[in-house]
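Participant: Use these hints to put chain L onto chain Y, whose structure you have.
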Amino acid sequence: MNLKILKFTLNGEPIEITVSPDDMLVDVLRDKLELTGTKKGCGKGECGACTVIINGEAVNSCLVPAMKTMGANVETIEGIGSPEKFHPVQEAFMDLGAIQCGFCTPGMIMSAKALLDKTTSPTSKEIKRSLSGNICRCTGYVKIEEAVQAAAEKMREKQ
Amino acid sequence: MLQDYLFPETISEAVSFLQNNEGQARIIAGGTDLLLDIPEGKVKTNCLVDINRISELKKITMEDGVIYIGAAVTHNQVAGSELIQEKAAALACAASCVGSHQVRNSATVAGNVCNAQPAADTAVALVALGATVEIATPDGTQYALVEKTYAGVGKSTIDSTCQLVTRVSFPAARKNQGTAFVRLHQRNALALPMLNVAVMVELAGGRFKWARICMAPVGPGPMRALSAEQALKDAEITPEVIEKASRAVLEHANPRNSALRGSKEYRTSVLPVLVRRALEQAVANAGGTCN
Numbered sequence: 001m002n003l004k005i006l007k008f009t010l011n012g013e014p015i016e017i018t019v020s021p022d023d024m025l026v027d028v029l030r031d032k033l034e035l036t037g038t039k040k041g042c043g044k045g046e047c048g049a050c051t052v053i054i055n056g057e058a059v060n061s062c063l064v065p066a067m068k069t070m071g072a073n074v075e076t077i078e079g080i081g082s083p084e085k086f087h088p089v090q091e092a093f094m095d096l097g098a099i100q101c102g103f104c105t106p107g108m109i110m111s112a113k114a115l116l117d118k119t120t121s122p123t124s125k126e127i128k129r130s131l132s133g134n135i136c137r138c139t140g141y142v143k144i145e146e147a148v149q150a151a152a153e154k155m156r157e158k159q
Numbered sequence: 001m002l003q004d005y006l007f008p009e010t011i012s013e014a015v016s017f018l019q020n021n022e023g024q025a026r027i028i029a030g031g032t033d034l035l036l037d038i039p040e041g042k043v044k045t046n047c048l049v050d051i052n053r054i055s056e057l058k059k060i061t062m063e064d065g066v067i068y069i070g071a072a073v074t075h076n077q078v079a080g081s082e083l084i085q086e087k088a089a090a091l092a093c094a095a096s097c098v099g100s101h102q103v104r105n106s107a108t109v110a111g112n113v114c115n116a117q118p119a120a121d122t123a124v125a126l127v128a129l130g131a132t133v134e135i136a137t138p139d140g141t142q143y144a145l146v147e148k149t150y151a152g153v154g155k156s157t158i159d160s161t162c163q164l165v166t167r168v169s170f171p172a173a174r175k176n177q178g179t180a181f182v183r184l185h186q187r188n189a190l191a192l193p194m195l196n197v198a199v200m201v202e203l204a205g206g207r208f209k210w211a212r213i214c215m216a217p218v219g220p221g222p223m224r225a226l227s228a229e230q231a232l233k234d235a236e237i238t239p240e241v242i243e244k245a246s247r248a249v250l251e252h253a254n255p256r257n258s259a260l261r262g263s264k265e266y267r268t269s270v271l272p273v274l275v276r277r278a279l280e281q282a283v284a285n286a287g288g289t290c291n
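Protein chains in written order, with my numbering: chain Y, 1 to 159; chain L, 1 to 291.
It is possible that some hints are incorrect.
Chain L is nowhere near these chain Y residues, computed Cβ spacing over 10 Å in every case [claimed, not checked]:
#, residue
1, 46
2, 57
3, 137
Just the calculated beta-carbon pair ranges, DEER-fashion [said to hold, decoys possible]:
#, chain 1, residue 1, chain 2, residue 2, range
4, Y, 146, L, 138, 25 to 33 Å
5, Y, 86, L, 188, 46 to 54 Å
6, L, 172, Y, 156, 36 to 44 Å
Result set (BS3-like, lysine-lysine): computed pairs, CA atoms no more than 27 Å apart in a straight line [as the list claims (entries may be wrong)]:
#, chain 1, residue 1, chain 2, residue 2
7, Y, 85, Y, 44
8, L, 209, Y, 7
9, Y, 44, L, 58
10, L, 244, L, 209
11, L, 42, Y, 4
Just so you know, these hints were derived from the structure itself, not from any lab. Where a beta carbon is used, it is the ideal one built from N, C-alpha and C, also for glycine.
The following block holds chain L by itself, in its conformation from the complex:
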């Protein structure tokens, strides 16, 4: 049962509220996951520290080619941001797929990362974008790659009882870079992803310079398809190369049988198709062609 609900005005005040409560308090941003977990007993806390009054956490900004998304920025704000649509299309698309319109008006992208669900749409996109989280802790600011914040299914290395994610950042896509997000779901709204794939590519002279491919839920967190990425490095952009790389993602994917998400067999067959589509779209977004 909650005993208190606090409104810090600054990041340092938020961290000190957490400290004062010695592990019994927890950060709330959107709360759309947390408020389901508390009554079910999955999360125990007696005080919520609401970060929505900290003005610097409510902004999307770009400085020196790096985009910063504050921890109180919602999915709909990200999905509707022209900057994100232009410079990180995969993330805008991923943010528009989460939950329902109402959920996206409350739920934050930083919260999607902190909740550490393996197929969190925006986390999958952020891993492909090479994103970093900035974390305010009692010992100062720390940084971690989004893909390194997964400590298991639903478990994050970020401890919301003593740490606060302040913002997520990633390099804006430059010329010759493209991103894409592809999702398979049972219906078009309010559906969990059966599979989701995000990719980022950089092209140079008809070749891939590099590619980052992230896919879920095929492991305990968003999974990088490292073999496929290796296969694309400096490779010519042809349908054959993309097809081969798309099949290679299965080396790093271990989908389970799931009543909600489909059978292992089905998802194993479909995953390479989604990766191929994502790669083709990212190449097109980067101004390249696959012929």
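One chain only, chain Y, in its complex shape:
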């Protein structure tokens, strides 16, 4: 096997790691970098639990070969907030109960963050479109949409 040196920016820090050409990004994040906030659900790009942001766009990390991120800027749930200082989307999910078992939550939050990085005045349609690839099997999506709207409002206030 021809192992490769992969260099990219992860949550603002430069990373250098040895990967196999067939390693998927989700597995490198979880198994090699121990960033288990990114969840692996279906592994087929259908559930969105593994959503991360690459160069500003939300993508399924189960369908991204790790090598594809060479030189890219990758953001995961671990990089957007901390227990000391949550991201407005994380705060809104907690405040408004937009969460049950939590398995889909990191993916939901990353999809929402990618949207709110582009606009802090999203329409309901834009929120729904941005979250359309994130499946939640516990609950409905109403509270989740409300939380994204609330986060957008908070972000607008701070601007």
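Facilitator: Then chain L, alone, in the frame of chain Y:
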């Protein structure tokens, strides 16, 4: 198992990487289909050639009335492009229907064509637009109509182990031309099309000058409704003419019973309705009326 992952900087370098690997390497653009096919054994390859660093493949441009979409351009880039929305509305709509938001951020339109699924939404729209693919090969550049790249279900005439689609092109809709895309699916997101229809029309003095109608999945690839197109040629734009042409599409449609997409009977009943709606929308987009 993959042994290597390469980043060509130019088109010629990409083709030479493929050549050097003698059929064992394969192009990756978005990878959202390929990375499912490799573990399932549907595609065998030991090296991926990633074209996302070739800057000329990442652009949507228009020259002399022709729109060019580079092979590394994603569905969301096409769906969000004002140029495509204005000059090829059917394609913008089709691109916005594929997979999920995350999939559309990775998956490319050229890849949708190369994967050769019969109901690939953007391929259906591209056939209606009369689109051509430009293919870089070891023997030079080749061109093929999108509708001629289907060699069977999931089989393309484009061989991604030695050839690279560089861009897809089609004439921008002119005044008096309109396009439309209509899709039937079980839910609004992350759903395969039960049926999809794309049309392009040109109008002149209250008449259709010509129409191109493409529909899927009702055959091994996107199917042209040639009888209906013939019926519309130079015909007056009336609800009766559109209704008759819409029913005529069934001559070229053979939907199968499918647990995912619905029964043959149901889809046979619904297809003419979708074609009628697409024609009405395209006529409106071309500045005409159906009365």
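Participant: Does the Cβ pair residue 146 of chain Y, residue 138 of chain L satisfy 25 to 33 Å?
Facilitator: violated (56 Å)
Participant: Indicate whether the distance between the beta carbons of residue 172 of chain L and residue 156 of chain Y respects the range 36 to 44 Å.
Facilitator: For residue 172 of chain L and residue 156 of chain Y the Cβ distance comes to about 38 Å; the hint holds.
Participant: Quick one, are residue 85 of chain Y and residue 44 of chain Y close enough, alpha carbons at most 27 Å?
Facilitator: Violated: residue 85 of chain Y and residue 44 of chain Y sit about 33 Å apart, past 27 Å.
Participant: Was residue 137 of chain Y rightly flagged as not at the interface, with every chain L Cβ beyond 10 Å?
Facilitator: holds (14 Å)
Participant: Under the criterion that the straight-line Cα-Cα distance not exceed 27 Å, is the pair residue 244 of chain L, residue 209 of chain L satisfied?
Facilitator: holds (17 Å)
Participant: For the pair we were handed, residue 44 of chain Y and residue 58 of chain L, check the Cα-Cα distance against 27 Å.
Facilitator: Given that 27 Å is the threshold and the Cα spacing comes to 25 Å, the pair holds.
Participant: Residue 86 of chain Y and residue 188 of chain L, beta-carbon distance inside 46 to 54 Å?
Facilitator: violated (31 Å)
Participant: Holds or violated: residue 42 of chain L and residue 4 of chain Y, Cα atoms, limit 27 Å.
Facilitator: Given that 27 Å is the threshold and the Cα spacing comes to 25 Å, the pair holds.
Participant: Hinted pair, alpha-carbon criterion (27 Å max): residue 209 of chain L, residue 7 of chain Y. Please report holds or violated.
Facilitator: violated (56 Å)
Participant: Is the claim that residue 57 of chain Y lies outside the interface with chain L correct, judged by CB distances over 10 Å?
Facilitator: violated (4 Å)
Participant: Should the label of residue 46 of chain Y as a non-interface residue stand, given a Cβ cut-off of 10 Å to chain L?
Facilitator: Its Cβ does come within 10 Å of chain L, the nearest being 7 Å, so this is violated.
The earlier numbered hints that this structure contradicts are 1, 2, 4, 5, 7, 8.
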